[in-house]
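**Q** Protein chains in written order, with numbering that gives the first Met the number 0: chain Z, 0 to 182; chain H, 0 to 224.
Since the hints were made in silico from the structure, they are not lab data. Warning: the hint list may mix true and false statements.
Incomplete in silico selection of chain H near chain Z, CB under 8 Å [claimed, not checked]:
#1 E59
#2 F63
#3 W186
Calculated from the model, a selection of chain H residues having no Cβ within reach of chain Z, i.e. all distances over 10 Å [what the hints assert, rightly or not]:
#4 T79
#5 T91
#6 G118
#7 E138
#8 D172
#9 E176
#10 R218
Since this is a predicted model, take the numbers as computed values, not measurements. Even for Gly, the Cβ is constructed at its ideal location relative to N, Cα and C.
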Amino acid sequence: MRRTTHILLAISVLNFLFMAACGVDDDGGAAADAAMTMGAAERGMLAAEAGHLTIYGPYVPAPPTDIAALYFIVVNEGDHADRLIKISSSAARMAMLHQTVVDGDSSRMSPVEGGLEIPPAGEVVLAPGGYHFMLTNLVEPLEVGDIVHATLEFEDAGMVMIEATVTGGTGGEMKGMSHDDDE
Amino acid sequence: MQSLSVRPHSFGIGLFALAALLFAACGGETVAEPTAAPLTEGEQIVADLGLHGLALGPLERPDFTLTTTEGAEYDFQSETSGGVTLLYFGYTNCPDVCPVHFSNIADALKQAPSEVRRGVTVVFVGVDAPRDTPDRVREWLDFFNADFVGLTGTEDDLEAAQIAAGAPPAFIDEQFEGGYSVAHAGWLFLYTQDDLMHLRYPTGVRQSDWAHDLDVLVRKGWSAK
């Protein structure tokens, strides 16, 4: 009984992973749909430019407590990679780059060691269920409409200041299980 | 304090490795079609009803007792029996997926007809015993919907509840200056009126998916017809 359950469970998980990995549209495949929301048309507003890098659509979903997440998209139009190595924000005492990973049946947060590579002629999406900056020990509560100031530090492009809007409701949909949306 | 245990997940690691192979396998120019394995009965119903969860062999509505944020004993099986129930094992210091899940569900229910709204019980279990105090769980849930049920318990009771539900017990994952993150079940479990879990929901379910699925499951139930 238990073994059967495990096998069924394994099959359904694998099936999902297969669909996620291959982008098969099963008419409601969250990963495929999530990937579509990352298209150029929905990057959000241009927030900052620094050399070959452009930052789009930074936002912070209004947090239920004193921990929040900051999301945005970095587009690299240059011909060499850059690296996002640090972030700081006056709104939080600490900001850390994490990646949510689905590890078997568990959801974990994995630290991103050595910074986040922004590939040449590519983009990196920070979105729910994937990469995010965790803002902890918020200096004061964040409410819808507030602006969070943050400074991103890139290895090559240097410091970039952004202003992220605190959004209500589902400010962002989940990224699902697909990563590396390079197009 | 840090007594949530660290435990291996060989089953999960195996799946993870297989998943990595699958990712590698379809990284080429051609997109492989999934092999046409016959659908299970559950998968067929999911397809027929247009649901967004993943079908799995039915599991019984679990039997465990925890404490509500108001301090009352909550026998999950008897309190929720006969209705549509969403069960989530999360933690209030979770910055990313937990609030997005709950924001999506709360917004879907807010816009749902009252029959659907009344027909769904949402239960959040705070698995991070040291930090998920009753007050903090209540504060966290009230941000989304004051009707959501919040449960807390001792570490032993929490572990028993997760095992009863077939969830991987949570454990302290990464520790960093001033805190730690918790690995926890990545799924939302959904029980239907027949007191079985036929499907569960992964990260990536959208508000519109919830609105559709909860409407179908409350009004129609888990049924092939």
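**Q** Hints first: check each against the structure and report whether it holds.
**A** Right, here's what the structure says about each hint:
1. E59: violated (11 Å)
2. F63: Violated, because the Cβ-Cβ distance from F63 (chain H) to chain Z comes to roughly 18 Å (cut-off 8 Å).
3. W186: holds (7 Å)
4. T79: holds (21 Å)
5. T91: The claim is violated: T91 (chain H) sits with its nearest Cβ about 6 Å from chain Z, within 10 Å.
6. G118: Holds, since 22 Å exceeds 10 Å.
7. E138: violated (7 Å)
8. D172: violated (5 Å)
9. E176: violated (7 Å)
10. R218: holds (19 Å)
In this structure, the earlier hints numbered 1, 2, 5, 7, 8 and 9 are contradicted, and the remaining ones agree with it.
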